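Residue numbers (the numbering used here), protein chains in the order written: chain A, 1 to 221; chain B, 1001 to 1376.
Hints listed in this document are in silico derivations from the structure and should not be mistaken for laboratory results. Mixed in with the good hints, there may be bad ones.
Stated by the list, open to error - Below, computed lysine to any residue pairings styled on SDA-like, alpha-carbon distance capped at 25 Å:
1) Lys-130/A <-> Arg-185/A
2) Lys-219/A <-> Gln-197/A
3) Lys-130/A <-> Gly-1070/B
4) Lys-130/A <-> Leu-1151/B
5) Lys-85/A <-> Glu-97/A
6) Lys-99/A <-> Pro-1149/B
7) Lys-130/A <-> Val-1278/B
8) Lys-130/A <-> Arg-1251/B
Unchecked claim - Cβ-Cβ distance ranges computed for the label pairs, FRET-style:
9) Pro-1288/B <-> Gly-81/A: 36 to 42 Å
10) Asp-154/A <-> Val-1150/B: 39 to 45 Å
11) Gln-144/A <-> Glu-1136/B: 55 to 61 Å
12) Tyr-152/A <-> Leu-1294/B: 56 to 62 Å
Claimed, not checked - Covered stretches of chain B (in silico footprint by chain A; criterion: 3 or more residues with CB under 8 Å from a CB of chain A, positions within the stretch not fixed):
13) 1062-1073
14) 1122-1134
15) 1148-1160
16) 1284-1296
Being a predicted model, the structure only gives us computed values, none of them experimental. Glycine residues also receive a C-beta, built at the ideal position from the N, C-alpha and C atoms.
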Amino acid sequence: MNRGEWGVRAGRGRLLLIFGVVLVVLVGAGAAALALSDPGPAKRVCPSGELCGEPPKLAEPLRNLESYSSSTLGYSVEFSGDRWKAADQDEDSVVLESKEADLLLILDGRPTGAAGINSMIEDRVSSLRKRIFSLERDEDDDAQVLGPNVGYRDGTAQSYAGTIDTPQGARAQLAIVLMGASDGRVGVLATVVTGEQNPERRRAVFGRADSVLNTVTWKDS
Amino acid sequence: MATCPSCAHEVPEGRFCVRCGADLADEKGRRRGFAAASNERASVPRIVSSLFPQLPRSDMDTFRVALGVGTVLVLGLGIAGLYPLALIAAALLVPILTVLYLYDVDVYEDQPLIVLAFTVAWGALCGVGMAILARELGAGTEVFSNEDPVLRGVVLPLTSAALMLAGPLVLLPYRRFNDVLDGATFGAASAVSFVGAQALTYGFSLLDAGLRPVGETLPWLARLGTVALAQPILAMAAIGAAAAALWLRYRAPVADRRALGVLGHPLVAVPAAFGLIVAGAIGQTFLPVGLWLLWLTALAAVALIGLRRAIHLGLRQEASEVAVGPEIQCANCEHRTARHTFCQNCGIALQALPKGGPGTRRPGAAPGAQRPEAEA
Chain A
1 MNRGEWGVRA GRGRLLLIFG VVLVVLVGAG AAALALSDPG PAKRVCPSGE LCGEPPKLAE
61 PLRNLESYSS STLGYSVEFS GDRWKAADQD EDSVVLESKE ADLLLILDGR PTGAAGINSM
121 IEDRVSSLRK RIFSLERDED DDAQVLGPNV GYRDGTAQSY AGTIDTPQGA RAQLAIVLMG
181 ASDGRVGVLA TVVTGEQNPE RRRAVFGRAD SVLNTVTWKD S
Chain B
1001 MATCPSCAHE VPEGRFCVRC GADLADEKGR RRGFAAASNE RASVPRIVSS LFPQLPRSDM
1061 DTFRVALGVG TVLVLGLGIA GLYPLALIAA ALLVPILTVL YLYDVDVYED QPLIVLAFTV
1121 AWGALCGVGM AILARELGAG TEVFSNEDPV LRGVVLPLTS AALMLAGPLV LLPYRRFNDV
1181 LDGATFGAAS AVSFVGAQAL TYGFSLLDAG LRPVGETLPW LARLGTVALA QPILAMAAIG
1241 AAAAALWLRY RAPVADRRAL GVLGHPLVAV PAAFGLIVAG AIGQTFLPVG LWLLWLTALA
1301 AVALIGLRRA IHLGLRQEAS EVAVGPEIQC ANCEHRTARH TFCQNCGIAL QALPKGGPGT
1361 RRPGAAPGAQ RPEAEA
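Bound-form chain A, shown alone:
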């Protein structure tokens, strides 16, 4: 057949009808989808003009560190599993050994206020004397801890030095820092022990312990 012999299949009216129906169907489908996805109006917790209820709950934090939590006292601490090993732990305390340096970090908890921290330190010193002979307070300026804190709570610190002794002989000198703080209900005492003698390396080693101590959190904090 030659082009131009036949006319259009629908007239102008029919064409407008088909257009209208398709448009209504598509718009209707969209409307239905929007209707199903609508969250609805916000639920009001408090009567207007009044403060009530709890603050918004936060989602669980992202955890890429290992942690220890005291089951009885509620304090917790986080540490990198690549750098530290939990050598021992119980309901109140944890012993962390550094995998990278001659460094030991012991955390002990006790129900006590800030006033009880000194008592914790005394008890720890008494315990250390049984393991480390010639333990003595280190009054050297380089050994002092400035701004002692645990978990960003101000506390108390004392420095000691002593020697490892075994039946085979007396050997490495140890530098020991005792640092404790309390939230008013629970006291946490950190015992940091290193055999590192070089002052600069010892400072770096203590820095590693400090980064762990900064992760200490108390219950309900």
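Here the structure of chain A is known, so what remains is to put chain B in place on it, guided by the hints.
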């Protein structure tokens, strides 16, 4: 000549029997003095005459003075807070005296290299090795956190005791070294060099803490006492007694092998010596340093008595049926005495005197003053 009331032999007249050392003036023939130092009782633990039994009396005094001065020096350094220096001095004190003793009494006769190799050098090398092993087994703060009293108080000390005794045993087949005193001396020399080398090697890292590290003085003084005296004396006496028992068992005439009784049998003496070493080490794991020093001192006293008993009875039993020889000059009292086993004037065992031959000793010794069996 007189008849000894103790051994019933005819012996030259004098204060003491030249065969058994009994006091001829005592009707019961009792011998009260220690065979290697007749002015001392055998049952009283004395350091110098037990550990250095072949010294003449005057030289014993010299060694006592040296030991005393050395101890004062060690304690002085400790009081001054120079702990690393004091530790070095303490670890070297008795080993140096022992080497001087070996040189002084010429115990190795004409084979110094082999004797020194299997006593002093062997002990020192093994001590260094054991210290390195002990350090590897518990480095730094691991010792603090993971104390293992069985390893450090039993396993390592047992291994150490076995090593101390192993070196001298190489010398056991040598006929030249056939006296109980040789065995005791070799064992003691190996033990003291082991203990000294171990203390030095193990404590080497203390030098990193500087000349005057922080530390309480009194505990350090007690610890220095263990390093300087208690530990080396315990090791020397225990291993010396064990070696003496082995020498008596395998080098003495058959008839003399039971001289020390059951306690002198190697199957009893060696475990007993090892037990003393372990008991000394394990005390450190649960006693404060002051009490540990006392504990070591008590054990060392027991070991010294055992060593003295071995030396005393060994010397008496080795007085075999040798004929009484011509007169010689005793190197101990410098009086004339008939050549046999004991000096008839001072009662010392002539065998417990330096081995040097004619012309090799100091002026006090008479020419030809050799041990009785040298001619026999």
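>> Run through the hints listed earlier and report the numbers of any the structure violates, in increasing order.
In response: 1, 2, 3, 8, 11, 12 and 13
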